[in-house]
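Asks: Chains as they are written, first to last, in this note's numbering: chain A, -18 to 390; chain B, 173 to 684; chain C, 12 to 104.
Honestly, the hints are just simulated from the structure, not real lab data. Keep in mind it's a predicted model, so treat the numbers as computed, not measured. Hints may contain errors.
[What the hints assert, rightly or not] Coverage of chain C stretches by chain B, computed from C-beta distances (three or more under 8 Å per stretch; other residues unrestricted):
1) 25 to 38
2) 51 to 58
3) 61 to 68
4) 72 to 84
[Claimed, not checked] For the chain A half of the interface with chain B, some residues (derived, Cβ under 7 Å), not all of them:
5) VAL6
6) GLY8
7) LEU95
8) LEU99
9) ALA281
10) LEU287
11) ILE293
Quick reminder that beta carbons are idealized off the backbone N, C-alpha and C, glycines included.
Below, each chain spelled out in residue letters.
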Amino acid sequence: MRSSPHILIIGGGVIGTSIACHLAVQGTQVTLVEAKDLASGSSGACDGLVFLQSKKPGVHLQMAMESLKRFRKLQKQLPVPVEFIQTGGLVTIETHEEYRAMKKYVQDQQAIGLDVQLLDRKQVLQREPGLSRRIIGAAYSPLDARVNPISLTLGFALAARKNHAWILTRTPVTEILVKNNRVTGVVTSRGTILADLVVNAAGAAAGKVSRMAGIQMPVMPRRGQIAVTHAGPPVLHHCLISAGYIAAKYNPDLARTAGQGISMEQTENGNLLLGSTREFVGFDTGNTLPGIRKIITEAAARLPALAAFQIIRTFAGLRPYTPDGLPILGPVSKLDGFVMAAGHEGDGIALSTITGELMADSLLDRKPAISLDDFSPERFDSLATDPMLQTDPETWRPAAQAVPQGRIR
Amino acid sequence: MADPYRNTYHVAVIGAGIGGLSAAHTLAGHGFNIVLIDENPHMGGQFLRRPFRPHNSDTGGTASGSRSRLLDRIHQDPMVPAGTWLAEAVTAPGAGVDILHPAQVLGIFPDRRIWIMASPTAGTAAGQDARLMEIKAEILVLATGAREQYLPFKGWTLPGVMSLGAAQILVKSHQVLPGACTAIAGTSPLMMALANDLLKHRGHVAALADSHSMRWKMGQLPFFIRHFPKLIQGACYAARLFRHRIPVLHGHSVQEAQGQERVSGAVFARTGPDGCLLPGTDRFWKVDSLAVGHGFVPNIELPVQAGCRVTYDPALGGWAAAVTVNMETSVNGIYAVGETTGIGGAEQSWIQGKITGMSILEQLGCIHPLQSRWGRFVKTRHQLYHRADECRSYGALLNRVCRVPAAAYGRIPDDTVICRCENITMQTIKQAVQNGFTSWSSIKKATRCGMGRCQARICGPIIQKIIQALTGTEPQIIGPPVSRGPVKNLPVRLLIPSAGNPENPPGQEKGQ
Amino acid sequence: MTPQLRIPSTARGKQITITVNGIPVTAHEGETVHAALTAAGIYLLRQTLSGEARGAFCGMGLCYECLVTVNHIPDQRACMTVVQDGMKIRTHG
Ligand SMILES: Cc1cc2nc3c(=O)[nH]c(=O)nc-3n(C[C@H](O)[C@H](O)[C@H](O)COP(=O)(O)OP(=O)(O)OC[C@H]3O[C@@H](n4cnc5c(N)ncnc54)[C@H](O)[C@@H]3O)c2cc1C
Ligand SMILES: Cc1cc2nc3c(=O)[nH]c(=O)nc-3n(C[C@H](O)[C@H](O)[C@H](O)COP(=O)(O)OP(=O)(O)OC[C@H]3O[C@@H](n4cnc5c(N)ncnc54)[C@H](O)[C@@H]3O)c2cc1C
Ligand code: FES
C-alpha cells in the first residue's frame, strides 16, 4: 500500500465520521461522502446509551469497555459539547424468572471484572425513587453512561474537517468503480471521486452499498421507534433498560413473553427519551400507532412519574442489523480496497470511538488494539447458504422469518 | 364508557374553519356519516370569531358612534354573515354532521386511521376527562388552516408581546382588550384590522409600525384594483385610525420590547432598504402589550405527517399541501382544503370546501357519471374553479404585501432568541449556518432549534428565512419541517391503562 | 390596580368564579383561561427552565407558551381551555 492513501468513506453517521476523525487527525487524506446530511441516518435517530451491561461477555463487551475509556477523554478532542455523562445504568427486573436469569448474567459479567451488582427493590428505589414498585430488582453498574449521539456525530465531523478532511453532504454514492478486482473510486451525484480505499460506513444501507461493488453483506435495516417528552424536572437519574430482553437470551422460555425491552434516559435538557421497537420493515422510517403506544405504556408502567409528562415528538431510526449481532469491520478480501465498517445494530453510538480508532489503524496498516478477526467480513462466507443470512432483495428483510434473538442496545 | 361517536365514518373533516365547514356542508344531506373535528373550543376557525352568546350577531359588540356604525357596515366582509350561516347550518341538530370538539387530531396513520385526543366536557382537548380515540374514515379532508409568522426582535418572548391573532381573538371572541395600551407592528393586514377592532371598543392604540414604506405600499395599490372590496375595507380601517389620530409609522419595525416580567415599552426604529434598523431613529412607546405579525404560513404538520406531498411557493405563503384542482392530495383518499393548501383568505377556503365536497360526492358515486360530465354540476364546478383561481391571485398578492425584506432575517441581532421553546439564539443559528448546517434537518440537529414543544411551528419559517438570507439557499433545498405523530403534545397519562391501576399511585403522589 | 380590560359590552356569558393561585378571579362562561387571565391583568404564566418569563403568544394553541396547571393537571394551554365555574388555575411565574 502507498504511504499516504486517499481514503473515501461512504456514510456520515457516527461510524463514518468517527473513522474520518481518527484518520484526519493523523494527517491522512480523507473524503467523507454522505447522501443526505450528517447524522441523518440511525445516528440522528437513536438513544445515546453507552451501556456496558447489555453487551455479551466476550469481544463485544471488551469493545464496549475500551470504547468507554475513550469516551472519557473524548470531550477534549471534539469542538462541541457531546454531553457524555456516566450516570450509571439500571437493568430493571420485573419477574422472578427474569431475576434468576439476570443473576446468572451478572455473575458472568462480574467474573470478567465488570463493575456490576444486583440490587433488590429497596436498593433500586433508593437510587431511583420514581420507579414503579412493580420492579423487583435491578442490575446496576456505575460505568454505564450516556452521550448526545447527534452532537457526537457532528463533533467527529467538525473535528475531521478541522484536520482537513473533505466532507461532502447531500452527495449520494451511486456506483463503486472497480478495475482489475480493485476499487478505484466512487461515482456520486456530484461526479466521480477517485480513491485508494473505499470504506463502507453506510449503516443500515451498507448491504445496499456493498451490492454496488458486487459484494453480498448481510446488513439489514431494523427499525426502532422512539418517543420524546418535553423537557421537565429530573425524574430519572440513571440510564435504564428493562431486563426482559437479556433474560430472554438466557432462558429461551421467556423469549416468547418478554417483549422487546424498553429503554429510558433523561437528557441534560430534561427531555426523556423512551425507546424502542425492533422491527424488520425495510427502509421505512415511519412511526406507527401501535409502536408509539407500546413504548409509552411500557415506559410509564416502569416510571409512573412519566404520567405528568407530555410526548412532544417521535422518530424512528434504522439499526444496521447483522445476523450475529456483531459489526462487520475490516477489508473485504474478495475485492481489494473495499473495506466494511457497518452493522453495529443497537450499539453504534457506544462503540463509535473504538470503532473509529480500530478502523483507522487497520486502514493505515497498523496493528489495532483489539483484533478485528471476530468482526471479519468473511465470517459469513461459510454460512452463505443459511437462510437466516439471506436478505430479501426487494424488502431488505431477513429472508427467513426465524430471526435470531439479538441483544438490546 | 358509552361512546357517543362512531368509530368509522365515510368522511372525516379535520378543522372547522371556513374550509372545513364548507366541505362538511356540501357533503351533508347525502346520507353519509360525516364527522367534523376541531381542537378549538369555538367553531369557525381563525376567521369567524364570534362572541360566546349564541344570539349575538357576527362581529360582536356595539359600535361607539353612528359614524362608526356606518363605517362598519361599509367594510364588513360579506364572508362574515356567510360564514356564520355556514357554521349554524353545519352544527344544526338535523344537519347530519357529528361534531367532535374540542378534539385534537394527533396523527393520521395508514388506512386513514385518525388518532384523536378528545375531552367531551373539560373545555379543552387535553382536559381532565381527556381520552384517546381512533376513528377510521374512508375519506379524509384536511382543513387545518394557517398560522402567523414573525420577525424576531429583542424581548419578543416577554409576557404581553403576542401575535396579532392572539390579540384579535381576545377582542373579537372574548371582548377583552389585550392591554390598556397596545402597540401594533409587523407587515400584515391583520394590523389594521386589529387596530380597528381595538378602537371600536375604546381600546388604546399607542402606534402602528408597518415595516413597509409608504412608497412601497403605494406601489402595490394598482394590483389591488382587481380586489376592490379589500381596498374599500382598507380605506375604512385607515379612516378610523386617522380619526383617532393613531400614529402610523411606515417603514418602521420593532427594535426591542422592554420590560421585566411583562412588556412595559416598545422601541420602534426606521427600517433601511436592506432590512437593517437605522441607528438614531428609535422611538420609545410606553405600552403594556405589543401585537406583532408578518403574514401567514399554512399549517402543514398534519398533511406532512400523513405523508402528503408539500410544495414551496412564496405566493402560497411558503410550504403548502400540494393539491389537484379537485383538492386531492398526493395520498389516496386524503383531500386538503383552505389555507393548508396556500394562503388565500376566507372566500378561498369557502370555494375550495365546495369543490372538495363535490369531488368527494363524485368519488362516492353520488353524482351520476353523465351528470359529472355535462350539465349543471360541471358548470358549477367550473365556476368554482374560476373563483378559486381569483382567490389564489388575491392570496399571492396578500403574501407579497406581508413579506418582509429577506435581508431583515439575516440582520437579527445575535442575542435575540429565535427558537422560543429551546431558547436558541441568533448567534447559535448563525454559527451552525457557518459550519455548513444549511438544511432544516441539519440545523435542527446542530442547534436543537425546533425540537421543543411547538415543534417548529413558530421558529420553522423564521429559521428557513434566516438560512435563506445568510446563504441564499433555496427553501426547496432547506426542506420543509418534518412532522410525525403526535403532531401536538400528548399527555402520557392518557396512555396509562386506568386511574385505578395500583401502579399509578407512587409517581402521582409525588407528582402533585 | 389593574385597568378594566373587559370591554363593557352587552354580550357575555354568565359570570362565574375561578381561582388563580388560590385567589378568586371573575370570569365569564365561554371565555378561555387566557382571556380570563388577561382580563385579570395576569400575563406572566410561567418561567422557562432557565428562568425567563413567558406568557401567551400565539393565542391559538400552537406555541405552548401559555401553559398553566388546570385543576391539578399540569401543562395545559390557557388559550385552548374554556373556563368552568370553580376551575383552579395555577400559574408558574
Ligand atoms: C431507536 C434506536 C435506538 C438506539 N439506541 C442506541 C443506544 O442507546 N446506544 C447505541 O450505542 N446505539 C444505539 N442505536 C444504534 C445506533 O444508532 C447505530 O448503531 C449507529 O447510529 C450506526 O451508525 P452508522 O454510522 O453505522 O449508521 P448511520 O448513522 O445510519 O449512518 C449511515 C449513513 O450513511 C449514509 N448513506 C447510506 N447510503 C449512502 C450512499 N449510497 N451514499 C452516501 N451515503 C450513504 C446515510 O445517509 C447515513 O447518514 C440505536 C438505534 C436506534 C434505531
Ligand atoms: C391569526 C389569524 C387571524 C386571521 N384573521 C382574519 C381576519 O380577521 N379576516 C380575514 O378575512 N381572514 C383572517 N384570517 C385568514 C383566515 O384564516 C382565512 O381567511 C380562513 O378563515 C381560513 O379558513 P380555513 O378553514 O382554511 O382555516 P382556519 O380557519 O385556520 O381553520 C383551521 C381549523 O383547524 C383546526 N385544526 C388545525 N389543526 C388541528 C388538529 N391537529 N386537530 C384538530 N383541529 C385542528 C384549528 O383549530 C382551526 O379551527 C386570519 C388568519 C389567521 C391565522
Ligand atoms: S398562546 Fe400559544 S399555545 Fe396558547
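Asks: Tell me if the interface restraint on LEU287 of chain A is satisfied: Cβ within less than 7 Å of some Cβ in chain B.
Replies: 5 Å, holds
Asks: Under the criterion of a CB-CB separation shorter than 7 Å, is LEU99 of chain A in contact with chain B as hinted?
Replies: 22 Å, violated
Asks: Taking a Cβ-Cβ distance under 8 Å as contact, does the segment 72 to 84 of chain C have three or more residues in contact with chain B?
Replies: It holds, with 9 qualifying residues against the three required.
Asks: Checking hints one by one. Is GLY8 of chain A an interface residue toward chain B, by the C-beta closer than 7 Å rule?
Replies: Violated - the Cβ of GLY8 of chain A stays beyond 7 Å from chain B, reaching only about 22 Å at its closest.
Asks: Examine the segment 51 to 58 of chain C: at least three residues should have C-beta closer than 8 Å to a C-beta of chain B.
Replies: holds (count 3)
Asks: Can you tell me if the segment 25 to 38 of chain C counts as covered by chain B, using C-beta to C-beta distances under 8 Å and a minimum of three residues?
Replies: Per the Cβ count (0), the hint is violated.
Asks: Taking the least C-beta to C-beta distance, is ALA281 of chain A closer than 7 Å to chain B?
Replies: With a minimum Cβ separation of about 5 Å from chain B (threshold 7 Å), the hint on ALA281 of chain A holds.
Asks: So, ILE293 of chain A near chain B? Judge it on the closest CB pair being under 7 Å.
Replies: Holds - the Cβ of ILE293 of chain A comes within 7 Å of chain B, reaching about 5 Å at its closest.
Asks: Are there three or more residues in the segment 61 to 68 of chain C whose C-beta lies within less than 8 Å of some C-beta in chain B?
Replies: n = 7 at 8 Å, threshold three: holds.
Asks: Could you check if VAL6 of chain A really has its C-beta closer than 7 Å to a C-beta on chain B?
Replies: For VAL6 of chain A, the interface hint is violated, since the closest Cβ of chain B sits about 18 Å away, which is over 7 Å.
Asks: Could you check if LEU95 of chain A really has its C-beta closer than 7 Å to a C-beta on chain B?
Replies: Violated: closest Cβ of chain B sits about 31 Å from LEU95 of chain A, beyond 7 Å.
The structure fails to meet hints 1, 5, 6, 7 and 8 from the earlier list, while all remaining hints are met.
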